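2 protein chains.
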Amino acid sequence: MNIPQSSFPRIIIIGGGFGGIALAKKLCKKEVQVVLIDKNNYHTFQPLLYQVSTGGLEPDSIAYPIRKVLQGYSNFYFRLAEVERIDTNGRMLQTNIGEIQYDYLVVATGSETNFFGNKNIEAMGMAMKSIPQSLNLRSLILENFEQALLTDDLHERDALMNFVIVGGGPTGVELAGALAEIKKGILPKDYPDLDTRRAQINLVQGSDRILPAMSEIASSKAERFLESLGVNVWKDIRVTDYDGVHVSTDTDTSFDCATLVWAAGVQAVRIEGLDAKELLCRGGRLPVNQFHQVDGFKEIFAIGDVAQMETEAFPHGHPMMAQPAMQQGENLGENLVRIVENKPLKPFVYKDKGTMATVGRNKAVVDLPRFKFQGVFAWFVWMFVHLYFLIGFRNRVVVFINWVYNYIRFDREARLIIRPFKKVRAK
Amino acid sequence: MNIPQSSFPRIIIIGGGFGGIALAKKLCKKEVQVVLIDKNNYHTFQPLLYQVSTGGLEPDSIAYPIRKVLQGYSNFYFRLAEVERIDTNGRMLQTNIGEIQYDYLVVATGSETNFFGNKNIEAMGMAMKSIPQSLNLRSLILENFEQALLTDDLHERDALMNFVIVGGGPTGVELAGALAEIKKGILPKDYPDLDTRRAQINLVQGSDRILPAMSEIASSKAERFLESLGVNVWKDIRVTDYDGVHVSTDTDTSFDCATLVWAAGVQAVRIEGLDAKELLCRGGRLPVNQFHQVDGFKEIFAIGDVAQMETEAFPHGHPMMAQPAMQQGENLGENLVRIVENKPLKPFVYKDKGTMATVGRNKAVVDLPRFKFQGVFAWFVWMFVHLYFLIGFRNRVVVFINWVYNYIRFDREARLIIRPFKKVRAK
Numbered sequence: 000m001n002i003p004q005s006s007f008p009r010i011i012i013i014g015g016g017f018g019g020i021a022l023a024k025k026l027c028k029k030e031v032q033v034v035l036i037d038k039n040n041y042h043t044f045q046p047l048l049y050q051v052s053t054g055g056l057e058p059d060s061i062a063y064p065i066r067k068v069l070q071g072y073s074n075f076y077f078r079l080a081e082v083e084r085i086d087t088n089g090r091m092l093q094t095n096i097g098e099i100q101y102d103y104l105v106v107a108t109g110s111e112t113n114f115f116g117n118k119n120i121e122a123m124g125m126a127m128k129s130i131p132q133s134l135n136l137r138s139l140i141l142e143n144f145e146q147a148l149l150t151d152d153l154h155e156r157d158a159l160m161n162f163v164i165v166g167g168g169p170t171g172v173e174l175a176g177a178l179a180e181i182k183k184g185i186l187p188k189d190y191p192d193l194d195t196r197r198a199q200i201n202l203v204q205g206s207d208r209i210l211p212a213m214s215e216i217a218s219s220k221a222e223r224f225l226e227s228l229g230v231n232v233w234k235d236i237r238v239t240d241y242d243g244v245h246v247s248t249d250t251d252t253s254f255d256c257a258t259l260v261w262a263a264g265v266q267a268v269r270i271e272g273l274d275a276k277e278l279l280c281r282g283g284r285l286p287v288n289q290f291h292q293v294d295g296f297k298e299i300f301a302i303g304d305v306a307q308m309e310t311e312a313f314p315h316g317h318p319m320m321a322q323p324a325m326q327q328g329e330n331l332g333e334n335l336v337r338i339v340e341n342k343p344l345k346p347f348v349y350k351d352k353g354t355m356a357t358v359g360r361n362k363a364v365v366d367l368p369r370f371k372f373q374g375v376f377a378w379f380v381w382m383f384v385h386l387y388f389l390i391g392f393r394n395r396v397v398v399f400i401n402w403v404y405n406y407i408r409f410d411r412e413a414r415l416i417i418r419p420f421k422k423v424r425a426k
Numbered sequence: 000m001n002i003p004q005s006s007f008p009r010i011i012i013i014g015g016g017f018g019g020i021a022l023a024k025k026l027c028k029k030e031v032q033v034v035l036i037d038k039n040n041y042h043t044f045q046p047l048l049y050q051v052s053t054g055g056l057e058p059d060s061i062a063y064p065i066r067k068v069l070q071g072y073s074n075f076y077f078r079l080a081e082v083e084r085i086d087t088n089g090r091m092l093q094t095n096i097g098e099i100q101y102d103y104l105v106v107a108t109g110s111e112t113n114f115f116g117n118k119n120i121e122a123m124g125m126a127m128k129s130i131p132q133s134l135n136l137r138s139l140i141l142e143n144f145e146q147a148l149l150t151d152d153l154h155e156r157d158a159l160m161n162f163v164i165v166g167g168g169p170t171g172v173e174l175a176g177a178l179a180e181i182k183k184g185i186l187p188k189d190y191p192d193l194d195t196r197r198a199q200i201n202l203v204q205g206s207d208r209i210l211p212a213m214s215e216i217a218s219s220k221a222e223r224f225l226e227s228l229g230v231n232v233w234k235d236i237r238v239t240d241y242d243g244v245h246v247s248t249d250t251d252t253s254f255d256c257a258t259l260v261w262a263a264g265v266q267a268v269r270i271e272g273l274d275a276k277e278l279l280c281r282g283g284r285l286p287v288n289q290f291h292q293v294d295g296f297k298e299i300f301a302i303g304d305v306a307q308m309e310t311e312a313f314p315h316g317h318p319m320m321a322q323p324a325m326q327q328g329e330n331l332g333e334n335l336v337r338i339v340e341n342k343p344l345k346p347f348v349y350k351d352k353g354t355m356a357t358v359g360r361n362k363a364v365v366d367l368p369r370f371k372f373q374g375v376f377a378w379f380v381w382m383f384v385h386l387y388f389l390i391g392f393r394n395r396v397v398v399f400i401n402w403v404y405n406y407i408r409f410d411r412e413a414r415l416i417i418r419p420f421k422k423v424r425a426k
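Protein chains in written order, with numbering that gives the first Met the number 0: chain S, 0 to 426; chain B, 0 to 426.
Excised from the complex, chain S in its bound form:
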């Protein structure tokens, strides 16, 4: 790994997501050596991935170079690497670029799509948890429309224009809304020789309401917004299989579609050496105490999606979202400094700042702790908050310009098949 020895204790952070970056910032100019490891050289602003998939934003606008975050930090080392195994006894990491010892280890690896063991859906469905995945989805959507032009078989053509989005959480709702807007505003102009009105956008939710983590008013309003955009919302239906065209469910309902997006579950990213069955909670999360220490370890911590801190308010851990990860990163950063300085630790207390989801132009739902609202104002709040949390001044300006342009012009100009996906999948 080629990291020099230091007289300061070495803290290794695995993962440059919301948690890892918030933590790293707190360790700047402290008496520690920090090694941040990520398999990408950039931080991904995951809440806007669906806009990359739907051609509203460039991928580069929601990514930020990790090295730039760390510029000017002393005793910081970034390594582009994949962690293969943790040797908890030897306090050592094995990676694809060599081994490295740690004094303190922070696991902030986040989460990945959970297909619940369904290999067919994993092979033929699309996930949307990373920038390459989002770009693949963008390519596939556009490739399917190009292909729809070529067939005289009406059933095949419809399937190429149909979408099934599995999972009614924020990702599924936001993607369904964006696709509905594309169907209305862009497809008829881009494909005058195709009857794009026949395109169907289906949002399939396993439980009895979409956005189940939000308030009931938010759920019902979001559903009404989606329906006003022409999205078919299906509830109490579970998708059970998909062969690339036919979607089976646990009811009589079935769909034919060439694009199935799986947004119905996430699981913690596991690392060998820290994945004993008795250790893992539901979804593969690591149980941690209120100081983020993983059960059984004093020197290993976990934050964000990968950590499960069971509290009275959150008996199954905090929601797997940006806010808890950032707050945990900040708290752990302060505590690690306290550990080095031999001061008592401060337990983590989560401040719920609320949740929100957007459906389309002028349509969003916001749940604040004391106040819930929906509609135009909620939509502006959603945009403001997302711009605020986006890292980097340039990214904020470029995203803002794109949004203004898209809003005024009812357009999304990044509908580009930069890397075709169908051939890749066929291999």
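A couple of the hints might just be wrong.
Intra- or inter-copy, both count: the list cannot distinguish identical chains.
Stated by the list, open to error - No more than 27 Å apart at the CA atoms, straight line, and that leaves these computed lysine-lysine pairs for BS3-like:
| id | residue 1 | residue 2 |
| --- | --- | --- |
| 1 | K24 | K297 |
| 2 | K183 | K67 |
| 3 | K118 | K276 |
| 4 | K421 | K38 |
| 5 | K24 | K183 |
| 6 | K28 | K183 |
| 7 | K67 | K422 |
| 8 | K188 | K24 |
| 9 | K371 | K352 |
None of these hints come from the bench; they were simulated from the model. In this text the structure is predicted, and so the values were computed from the model without any measurement.
Following the hints, position chain B against chain S.
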């Protein structure tokens, strides 16, 4: 292909580059059916590819959806396809999505990198003629610096940080200048644990001056600009081989580098059926008369890089650049309408609007027909002209914002390895 029959004559345009798009615009609302075929669903603004490679711009900002260009045009059909063969006798195209008849055919396929048969350089060197190629180069540059951190072998580390750019035309000069600015402004901050001063940027030119198509004063100024940025300019040297590390030349000079960019030649993109040896000029271009008709055919035309119209001023055809392609597209568009209306044709006359190249901030060279200038003003002219010719209001604004940001901050934030390249090449 599923293109309906029409009472109007059918014009097929192969290629949505500068020539093809300019031509299509002239055919809007005329009594013709137009089918535009491209292997990408977007137009590429090739002059700025080097900025994508060097992290200064997002790829999406220099690409524009072809369907959006054609929005609202009646009797226009776009097909995402690769042409496999032209059957000139049957007036038919064979493509990967089926066959199609034409009344008039316009070949506007542009050019691709010419490795002059050197398979090693083709396998291990990087080209920069398309957006995926430019993104691959971006990834490789960043991956090499990440790898340079990991080795203790000083020679290997130097090779990972060294660049050889073969070809002193605008592409090579602009890329070398951009890399020199990255070396100076970004690398020391991004890689504090690496002695990035040792990185060498070598521009290798086969003839006795760089920018040989421009004036002598432009060449010598550009060379001085490059040297002030720390670029090593090598003249009268031809690169003969490359194995991924070692670069051989036809002199005693040799280089060790992990990144070799081949910008030393282009050739017309050939299509089977129109590639008889007796037909092709140097570089595989198709000889055309002053009405863009390919020798021996009344109904087949060629414009842009793929066409060679021999005139007194340009005995080997016009320069393979955007300007001639656009002017030819416009002229041919008007002539095709005249053909349909049975009016006499207007021969093509090229208006030389000048050429320019940029080296770095405040450093560019401009040759106008009556006036040549270099330096800060030339640089502003270069930026203005490129913004002006960029298609799309959003693209212009986003590129402008990026340039202002990069200028003020001495930064390039798109230094992201979205799709790693080394593994791809290893396959």
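Here is how each hint holds up against the structure:
In this homomeric assembly, K24 and K297 come within 27 Å of each other (Cα to Cα) only inside a single copy, at 22 Å, whereas the closest approach across copies is 68 Å. With identical chains, the CA atoms of K183 and K67 are at most 27 Å apart between copies only, with a shortest distance of 15 Å across copies and 39 Å within one. For the identical chains of this complex, K118 and K276 are intra-copy neighbours only, at 22 Å inside a copy versus 52 Å across copies, given an alpha-carbon limit of 27 Å. For the identical chains of this complex, K421 and K38 are neighbours both inside a copy (25 Å) and across copies (14 Å), given an alpha-carbon limit of 27 Å.
Taking CA atoms no more than 27 Å apart as the test, K24 paired with K183 passes between copies only; the shortest distance there is 26 Å, against 43 Å inside one copy. With identical chains, the CA atoms of K28 and K183 are at most 27 Å apart between copies only, with a shortest distance of 25 Å across copies and 52 Å within one. Taking the shortest alpha-carbon separations for K67 and K422, only the inter-copy value of 25 Å comes in at or below 27 Å, while the best intra-copy value is 35 Å. Taking the shortest Cα distances, K188 and K24 sit within 27 Å of each other only across copies (17 Å), while inside one copy they are farther apart (47 Å).
For a Cα distance limit of 27 Å, the shortest separation of K371 from K352 inside one copy, 12 Å, qualifies, whereas the shortest one across copies, 60 Å, does not.
Hint check: no violations occur; every hint is consistent with the structure.
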